[in-house]
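Letter by letter, the chains look like this.
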Amino acid sequence: MVKEIERHGFPVAHMCTVVPISLTVGANRIVPTIAIPYPLGDPSLSKAEEKELRRKLVVKALKALETEVDGQTVFED
Amino acid sequence: MPRIVHYINQFFAQIGGEEKADIKPEKRDGFVGPGQALNAALGGAGEIVGTVICGDSYFNENLEAVSKEVLEMIRSFKPDIVVVGPGFNAGRYGMACGAVAKIVDEELNIPVVGGLYEENPGLEIYKRHGYFVATGNSAASMRTAMPAMAEIVKKLIAGETPTEGYVLKGLRQNYFAPERGSKRAVNMLLKKIKGEEFVTEYPMPVFDRVDPQPAVKDMRKARVALVSSGGPVPKGNPDRIEASSASKFGKYSLVDIVDLDSTNGETAHGGYDPVYANEDLDRVLPIDVIKEMVAAGQIGSLHDFWYSTTGNGTSVANSKQFAKEIAEELLRDDVDCVILTST
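Taken in sequence, the protein lines are chains A and B.
For the first sequence, my numbering assigns the number 1414 to the initial residue and increments by one for each residue that follows.
For the second sequence, my numbering assigns the number 1220 to the initial residue and increments by one for each residue that follows.
Treat each hint with caution, since some may be false.
[Claimed, not checked] So the derived label-pair ranges between C-beta atoms look like this:
no.	chain 1	residue 1	chain 2	residue 2	range
1	B	P1366	A	A1461	18 to 28 Å
2	B	P1366	A	E1481	47 to 57 Å
3	A	D1490	B	N1483	28 to 38 Å
4	A	E1481	B	G1516	15 to 25 Å
5	B	Q1255	A	E1481	14 to 24 Å
[Stated by the list, open to error] Stretch by stretch, here's where chain A covers chain B in the computed footprint (C-beta under 8 Å, at least three residues):
no.	segment
6	1228-1236
7	1285-1299
Because the hints were derived from the structure by calculation, they are not lab data.
Virtual Cβ for every residue (Gly too), placed ideally from N, Cα, C.
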C-alpha cells in the first residue's frame, strides 16, 4: 500500500515495528515504532508519558517527510 | 535415526492465540502439534527429537536476541535437520520461521526445511536459507504442506540434494558446461534473432520499486492524510472489515474526533492482540497528537478522512487496489503527504 500510494505522487512515511518487512515491500521513508500490538504507544507508561512518546514518533515521521531521500531510508533516533 | 528439531509458534503449540503471542522461547522433548503429522509422514525415516516454540510478537520484536536464544535451544537437541512451520501466510510467523532458518543455516550448517505461502514476506527475505515448500495461504492447506515438507526431509535423510518441490533459493551453483560462455551467449543470440526459443542462464530479478517522492517543503503548509493497515475503525466496525484477508478498506471521517479511546474506536485486525488498540486506538492511529499539531500550526491541515484495512493475510493484489483507490481520493483533495501506520 505504501508503494502504491507513493507511485501516485505522495511521499509516505511508513510507521511500523517490523522494519525488515517494510524494507522488503519497498517503503522509502521508514520510521520504526514500539511494538506490534501498539506501534504508537506503550501501555506500561502513564497516559501523559505515552502521549509524549507518540508525539516524538509523529514528529519523527513528519521530519522524514520533510527529508529528501534517494533510496530506502530508516529514520532511527 | 536422524534427529529433527521442529520450530513452531505459540498458536500451533496450542498454548494460545494472540493473547499469548508475547511468550518467550521454550523447548520441549519430542513433537508438539503439527509435528505429529510430520513424524507420521516420515514413516520412521527420521524422528522429531525436540520442538522449540516462541510467541510470534515476541520473536519479531526481539529478532536478533531471540534468534540466538532459539538457536541454542535447537543446538541442545543435536539435530541433523531443522524443520520450521509451516507458517502459511502468517506474517510474523513467516518472519520467525525465516529467521530461524537463517541462523541455523549460518551457525549450525545443517539443512532447514519449511513451508510458506508465496506472498509471505518471510519467504522473500529468507528463502536462500532453507528448502521452503510453497504452501496455501492458510492452515487449511496443512494436509498438503506437511507431506510435501516430509518429502524434502526424506530426500535429505537419504543423502540426496532436493532439486524440486521447493521455492528456488536464488543461489548460484557452479557446474562445468561443455561449451564456454562466449559461445553459449552467441548461440543464444542467434536463436533469438531467428525467433527460436532459448533459455537465459541468468534471469533478471524483478524489482518492483517506486522512487521516493520529493520531500514536503514546509510541513506548516502541508496537507497530511492518515492511512493504516492495522485495522483502526470506528467502534463497532461499521463496514465489517474482515479480521484477516481483507476484501475492502474503510473510509472514516475524523472531523469530529480529537482523541480516540475505547468508546469511539477499535481495531478490526485479527493478527495481533487487540487489547491495547481497543483501549486506546491512538496507539495505532495517532489522531490525538496529529490534531494537536494541526491546531498548533505545526501541520498545515489534515485530510478529513482516515483510511483503514487489515494487512494480515491480505493479498498483494487487493492491497494495491485499495491503495490506488485511496491515492485517487487523496489526489482530489490536494493532499501533500501520507503517514501510513502498520502493526
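Handout entry: Violations among the numbered hints, reported as their numbers in ascending order
Key = 1, 5, 6, 7
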